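K.L.:
Residues per chain, in single letters:
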Amino acid sequence: AQSVAQPEDQVNVAEGNPLTVKCTYSVSGNPYLFWYVQYPNRGLQFLLKYITGDNLVKGSYGFEAEFNKSQTSFHLKKPSALVSDSALYFCAVRDVNDMRFGAGTRLTVKP
Amino acid sequence: NAGVTQTPKFRILKIGQSMTLQCTQDMNHNYMYWYRQDPGMGLKLIYYSVGAGITDKGEVPNGYNVSRSTTEDFPLRLELAAPSQTSVYFCASRPLEGNEQFFGPGTRLTVL
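Chains Z and W, in that order, are what the protein sequence lines are.
Just so it is clear: in the first sequence, position 92 is 92 by this note's numbering, and no numbers are missing.
Just so it is clear: in the second sequence, position 55 is 55 by this note's numbering, and no numbers are missing.
The shape of chain Z in the complex, shown without the other chains (with noise of 0.2 Å):
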C-alpha cells in the first residue's frame, strides 16, 4: 500500500525565515503526493500536489514542494514564513480509491 511518513512532528522558525516541512513516501508506481494545511478547529485545506511534470510544485499562500524521485522526498518549503503560517501541515498520498496521509507536523513561526 501507499504510505508517507513525516519524520518530524513539530518545526519551529523565526518569521522571515525560510522553513521546510519534510515528507518522505512509499509507493508502487508513479506517485500522487499532496500537502494540506488545517488550522485550529478548521478542516484540511489543499494546498499543492505533484502528479507528473516539472520537480518543482508551487501552490497557495507561497508554498511550493520539490518532488525528489531518488530519495523518495516530498518537502514542502516557504522562503520566508510568516506568523500566519503557524498550522498542523499533513502530506499525503494518493492510493487507489481513497488518501493516505501522514501524521501531520506541527509548524510554529515566532516573531
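Some but not every residue of chain W turned toward chain Z, in silico, with C-beta under 10 Å:
no.	residue
1	Gln6
2	Tyr31
3	Tyr33
4	Gln37
5	Met41
6	Gly42
7	Lys44
8	Tyr48
9	Val50
10	Ala92
11	Arg94
12	Asn99
Derived DSSO-like pairs: lysine-lysine, alpha-carbon spacing no greater than 27 Å straight-line:
no.	chain 1	residue 1	chain 2	residue 2
13	W	Lys44	Z	Lys77
14	W	Lys44	W	Lys14
15	Z	Lys22	W	Lys44
16	Z	Lys69	W	Lys44
17	W	Lys44	Z	Lys49
18	Z	Lys49	W	Lys57
19	W	Lys14	W	Lys57
20	Z	Lys110	Z	Lys58
21	W	Lys9	W	Lys44
It is worth saying that the hints were derived from the structure and are not from the lab.
These numbers come from a predicted model, not from an experiment.
Every residue, glycine too, gets a C-beta built ideally from N, C-alpha and C.
Mind docking chain W on chain Z? Use the hints.
P.N.:
Same frame as chain Z, now just chain W:
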C-alpha cells in the same frame, strides 16, 4: 457553493448511545470519505464511497456504518458509542476526475 458541510459541530455521547454524523456536499462529487483524526495519529479512513449506492471499508471501520443513497449525502452512523470513538470526524469529497479532496469543518465527538 457551500462545499462540504457537516453537522453537528460538537457532540457528547454516553457509552452505548447511538448517533448519526451528517455530511453533505453540493459539488456533485462522486467520491466521499469519512476520516477520524486522533492526536498525533493523522487521519484514518473509516469508510468511503465511489458513488450513490456504493460504499466500502477503510482502515478503521469497526463500530461504524455508512450509507450513500444520494450523490450529495454520506451519513456516518455510530450504533453503540464507546470511549475509543472519541475523536474529530472529517468528511471529504472529490470529483471523479480530480485528485485532491475537499474537507468539511469536522465534528468533535466525545464519548463518556
